[in-house]
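2 protein chains.
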Amino acid sequence: MPELRRDSILGRWVIIAKERGKRPCDFVIEEEKVKGGFCPLCPGHENTTPTEVLAYGRPANSPPNSSGWTLRVVPNKYPALVVEGELDKRGEGMYDKMNGIGAHEVIIETPNHGETIPMMSHNQLIQLFWAFRDRMLDLAKDIRFRYIIIFKNYGKAAGASLEHSHSQLIALPIVPHRIQEEIEGALKYYEYKERCVFCDIIRQERSQNIRIVCENDDFITICPFAPRAPFEMWIIPKKHNSSYVSMEDFQFHSLTEIFSETMKRLNKALPSVPYNFMLHTAPLRTPDMEHYHWHIEIMPKLTMIAGFEWGTGFYINPTPPEEAARFLRDITLE
Amino acid sequence: MPELRRDSILGRWVIIAKERGKRPCDFVIEEEKVKGGFCPLCPGHENTTPTEVLAYGRPANSPPNSSGWTLRVVPNKYPALVVEGELDKRGEGMYDKMNGIGAHEVIIETPNHGETIPMMSHNQLIQLFWAFRDRMLDLAKDIRFRYIIIFKNYGKAAGASLEHSHSQLIALPIVPHRIQEEIEGALKYYEYKERCVFCDIIRQERSQNIRIVCENDDFITICPFAPRAPFEMWIIPKKHNSSYVSMEDFQFHSLTEIFSETMKRLNKALPSVPYNFMLHTAPLRTPDMEHYHWHIEIMPKLTMIAGFEWGTGFYINPTPPEEAARFLRDITLE
Numbered sequence: 001m002p003e004l005r006r007d008s009i010l011g012r013w014v015i016i017a018k019e020r021g022k023r024p025c026d027f028v029i030e031e032e033k034v035k036g037g038f039c040p041l042c043p044g045h046e047n048t049t050p051t052e053v054l055a056y057g058r059p060a061n062s063p064p065n066s067s068g069w070t071l072r073v074v075p076n077k078y079p080a081l082v083v084e085g086e087l088d089k090r091g092e093g094m095y096d097k098m099n100g101i102g103a104h105e106v107i108i109e110t111p112n113h114g115e116t117i118p119m120m121s122h123n124q125l126i127q128l129f130w131a132f133r134d135r136m137l138d139l140a141k142d143i144r145f146r147y148i149i150i151f152k153n154y155g156k157a158a159g160a161s162l163e164h165s166h167s168q169l170i171a172l173p174i175v176p177h178r179i180q181e182e183i184e185g186a187l188k189y190y191e192y193k194e195r196c197v198f199c200d201i202i203r204q205e206r207s208q209n210i211r212i213v214c215e216n217d218d219f220i221t222i223c224p225f226a227p228r229a230p231f232e233m234w235i236i237p238k239k240h241n242s243s244y245v246s247m248e249d250f251q252f253h254s255l256t257e258i259f260s261e262t263m264k265r266l267n268k269a270l271p272s273v274p275y276n277f278m279l280h281t282a283p284l285r286t287p288d289m290e291h292y293h294w295h296i297e298i299m300p301k302l303t304m305i306a307g308f309e310w311g312t313g314f315y316i317n318p319t320p321p322e323e324a325a326r327f328l329r330d331i332t333l334e
Numbered sequence: 001m002p003e004l005r006r007d008s009i010l011g012r013w014v015i016i017a018k019e020r021g022k023r024p025c026d027f028v029i030e031e032e033k034v035k036g037g038f039c040p041l042c043p044g045h046e047n048t049t050p051t052e053v054l055a056y057g058r059p060a061n062s063p064p065n066s067s068g069w070t071l072r073v074v075p076n077k078y079p080a081l082v083v084e085g086e087l088d089k090r091g092e093g094m095y096d097k098m099n100g101i102g103a104h105e106v107i108i109e110t111p112n113h114g115e116t117i118p119m120m121s122h123n124q125l126i127q128l129f130w131a132f133r134d135r136m137l138d139l140a141k142d143i144r145f146r147y148i149i150i151f152k153n154y155g156k157a158a159g160a161s162l163e164h165s166h167s168q169l170i171a172l173p174i175v176p177h178r179i180q181e182e183i184e185g186a187l188k189y190y191e192y193k194e195r196c197v198f199c200d201i202i203r204q205e206r207s208q209n210i211r212i213v214c215e216n217d218d219f220i221t222i223c224p225f226a227p228r229a230p231f232e233m234w235i236i237p238k239k240h241n242s243s244y245v246s247m248e249d250f251q252f253h254s255l256t257e258i259f260s261e262t263m264k265r266l267n268k269a270l271p272s273v274p275y276n277f278m279l280h281t282a283p284l285r286t287p288d289m290e291h292y293h294w295h296i297e298i299m300p301k302l303t304m305i306a307g308f309e310w311g312t313g314f315y316i317n318p319t320p321p322e323e324a325a326r327f328l329r330d331i332t333l334e
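One line per chain: the protein sequences are B and F, in this order.
Just so it is clear: in the first sequence, position 238 is 238 by the working numbering, and no numbers are missing.
Just so it is clear: in the second sequence, position 105 is 105 by the working numbering, and no numbers are missing.
Please keep in mind that the hints were generated in silico from the structure rather than gathered at the bench.
Warning: the hint list may mix true and false statements.
For chains that are exact copies, the list does not tell them apart, and a pair is met inside one copy or across any two.
When the alpha-carbon atoms are kept at most 25 Å apart in a straight line, the in silico DMTMM-like pairs for lysine to aspartate or glutamate are as follows [stated by the list, open to error]:
#1 LYS238 to GLU19
#2 LYS268 to GLU31
#3 LYS77 to GLU163
#4 LYS156 to GLU31
#5 LYS141 to ASP288
For reference, chain B alone in the conformation it holds in the complex (with noise of 0.2 Å):
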């Protein structure tokens, strides 16, 4: 029998269908194909995109915009939200509008067309995870702006339409509907048991230990209780905090030794499957927060959003995130 779950945080529904038991080799994935071509991110073709922000790894002394980096960050060039404007807030008769000003930015991740997530060193992958917090700590001095995402498409089918492996990054002059609601589900929790309810699914499921991916000293992976998606997956930090920006030292090192891990049994149970990943954290200049967790979503693009998921905001997810977590927990890397 199919099994309805809810998700603590949000009080979303999920169907579970346990009956189809969609196991990796179930799924169709299209390949995707390098095309090649001419790519605007790659070394050497710095003049083709906006004036970058941020550059890791270029020799000392040497211009912007050149190349020699191992990471860099640009503009969007064609931005959802623009930086330039006042935000002029008001009504058209009862309804609500202003002004699109924000910033969306492209983190290109390496300088190796061609070089994806699960193939990066060390090195290399844990630049991405300071840039993400170079580039917070920036953005969070305009104050027109209240939160930040930062996020990955990656695979056409997931919304890439760049190949050379990017994440991006977009600032808001509000707190989107889905952090608020994840915040205010948090809130209630907590006020409910007083505790995290992030840090009491952690203690649950090392407790159970049927939904662990893997795990270090600082972070569990896990498959989520109640996922939208076959093989959905969260990376939450041990120690409680609500912000990423405020973690320290190690905890880069440990998060990107998770983090290539994770992204590594993914690929190999379902190689080279689209994926997006999304990183939740606190809005900006807010003071911390017992009741609310960063942490990392990831959603392997195996579904579809059709008319039932648009008019219910229920999933329906054919792998139980026990079977996933299983399976993603038993392969062996090298």
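Since the structure of chain B is provided, determine the placement of chain F on it from the hints.
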């Protein structure tokens, strides 16, 4: 400059990327090839579906599950939820779950394989709306069910797995999150204004007259002010009514007319575009609500849900609804 717009009901913001101003010809729509082959929904194959729960148009005295029908409703052969069993709500530590009890039915809209909504006659189409009502009234008798969502996935990219034109119905043991949010949002507006937000939307749309696609005496089709997707449309009854099933006879005719016109306009603007439609109505066995208003939402599948949308619940829409509505309105129908 892009514009941020807020949905008056849900409080959800969308980014309208005006500059991109994508018109119908800017979207690449993969052609749906009619594959043919064996179709379990075609007349003559009635024995390949589960036993029907409703059929129209068959001559009197002809046996059930024989051909001769003009519309037929059958349980889904691969249901997301099952009818038999107890809900059995229970915990697993801090988590909540229950059995996947529900109904999942397929409404076969026509006996003619290959006939799509815009090709259907008034007489064919009105049966669809009567069938929605008949099935809702019948399933509402089962007190385990609290909500019925009716939806359609057309085209592979919008989640359709069968070619033969059909809608679907899922009866759920809980009121889904998305509907709850909509009802709560509408209630908030009502408490503040003492008016129904949907009635106010109709009033403003008729006075502004820039987002109307078409209308008749009883219904209006608009592109909503803060649409999630290009060419998103809502069909709203002009007379306040929270429940689809309490519609009067003459309204079924008007609904059929406006729905047919709306879908013909969409199909002429964006030939064979994949889409989803969802019927939003009050939860089962609730008294008439002054703050809620049933309606149909139509979402063409032209953009993708990626990391940004997953992470924030925000949508980026490259087509302002004013342009979409103008385009759809200006189309000449034979």
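*Which hints from the list above does the structure break, by number from lowest to highest?*
1
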